[in-house]
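Keeping the supplied structure of chain A fixed, place chain B upon it in accordance with the hints.
Now for the letters of each chain:
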Amino acid sequence: MPLTTETMVLNMGPHHPSTHGVLRFILRTDGEVIHMCRPDIGYLHRGLEKIAEQLPYAQFMPYTDRLDYLAAMNCNLGYAITVEQAADIEVPPRAEYIRVLVAELNRIISHLISVGTFAMDIGAVTPFTHTIREREWVNDLFEELCGARLTYNYIRFGGVAFDLPDGFLNRLSQFLDYFEPRLEQYNRFISKNKIFKERLVGVAVISQQQALDYALVGPNLRGSGIDWDLRRDEPYSVYGDLEFDVSVGTSEFGVLGDCYTRYWVRIWEMEQSVRILRQCIAKMPEGPYLNKSKRKLEVEPGEIYVRTEAPRGELGFYLISQGGIRPHRLKIRTGSFSAMSIVEELGSGLMVADLVALIASLDVVAPEVDR
Amino acid sequence: MEEQGILERIKRIIGEADLVWVDDQLGDPYLVIPREKLRRLAIYLKGDAHLAFDTLMCLSGVHNMQEQDEMEVVYHLYSIRHRHQFIFKVKLERPAFFPHFYLRVDSVSGIWPAAAWMEREVYDMFGIHFVGHDDFRRLLLPTDWEGHPLQKDYQESDAYRGIGTAREEVEGVLAEESG
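Top line first, the protein sequences correspond to chains A and B. According to my numbering, the first sequence holds residues 383 to 753 in order. According to my numbering, the second sequence holds residues 88 to 266 in order.
Take these hints with a grain of salt, some might be off.
Where chain B lies over chain A, by a calculated footprint (3+ residues, C-beta under 8 Å) [what the hints assert, rightly or not]:
hint	segment
1	421-431
2	594-602
3	643-655
4	680-687
5	692-704
6	714-723
Only pairs whose alpha carbons sit at most 25 Å apart, straight line, appear in this in silico BS3-like list of lysine-lysine [stated by the list, open to error]:
hint	chain 1	residue 1	chain 2	residue 2
7	B	LYS176	B	LYS239
8	A	LYS678	A	LYS432
9	A	LYS432	B	LYS239
10	B	LYS176	B	LYS133
11	B	LYS98	B	LYS133
12	B	LYS178	A	LYS432
13	B	LYS124	B	LYS178
14	A	LYS432	B	LYS176
15	B	LYS239	B	LYS133
In short, the hints are calculated from the structure, not lab data. All C-beta atoms in this analysis are idealised placements derived from N, C-alpha and C, irrespective of residue type, glycine included.
One chain only, chain A, in its complex shape (with noise of 0.2 Å):
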């Protein structure tokens, strides 16, 4: 008698430690092989877009924290250039080059999750502790500068809440010097683990046509080797002024687009990122820190469109104002989101372990993806 198998209907989710947040998926498996993969979004729906129409533009500064709380410097940052260029509010030299170092801290900071609770899906969990203890520090730094641990409200329109505290960046350059030397740590003992290779070279892979079809943005589309970087291909802020590399997967290491390319594209942005920090640190200009003219923010009847280079790729803001003090419509175009229309596509062929992989490797943030 031949062997039969049967298909069968299985949830993940929507809580699932690999799901970076709340996440759910329905699978049709037929034993350990993903037949169809549905993912199904929406348990972080808050109505963000609905909230920015019912509030003056100053007041929607801390709900952008919430937009993604791994990375709440980068999304307060992409609301304040938008809201920016929409009023004219100029920038002083000094606010401009503390944004990008805050910027950059916490691109760092995103990307030691990320790489932590990519090995801890894989099943490695002691590298999360690493990369934990490396964001302590960095969390402690941000304290310092104002006062929250993960949800910043820290950039104002026309500057920052704050300057920077006395020798906070001495304290910056001594955490560089630590934090530095700790990526090749990381390297040698997960990035080239045996085991951590065998489990995402060629898993997953991503074509160039695929991540542009898709628009996917950031390092999920860098790691299909698209050398793309609004950074350096459309800069805003300082990021004309300062040199670093956009870094851009190779078939080095594994298959071009797959899980392990991804991964590499991270590890190298923070050595980027270290690199911009410290360029901030030397060049740091004194001055004032906040331009406090526009006290009462009226926006002219018209619509922008403003992304920036947030940590999980573009963060596009589409503000639409018919004047006065609210936005008329705020659309937030994020990263996450594009990441996990590709799931579907993608998923079907896949092992469900690959599939733990994927979502890790795409770097997939909850609240993000729902807003």
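Frame of chain A; chain B shown alone:
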């Protein structure tokens, strides 16, 4: 390519009739097209070698109620190959009776797969139907949710599956509004 050059090429392909070019406002200029021309324009924008708009950056819905009741679908395109962008809109009237018959526009998910989820989100939030979409249903809200929350005249129901939706009003939250 500059926006004017892109516009000239588009006019040659889909004709000048009914196209409205808006560039007197704050921010980037955009083109308003009639909905019948959407699919043809989208195929051209993606396929033409000189334009090659390979990514759909953003697809948003907008609801206006000031002058007349209308919905907009806004397409932000970018070409990573040529490093240029283009924005166009489709405007849909929203009559008082049977609006779902009129809020219909062709889906571009076959042209840019990224649109598949973005269109589902627009439907979820605005109630605009995208014709020709493979897997058309709500994205963020539960399937039995009533209404489309980002419509300007959306009324929240009192309860959802027996869970009340009333919130406590906090004094002074909107204090700045007086001006």
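Indices of hints not satisfied (ascending):
3 and 15
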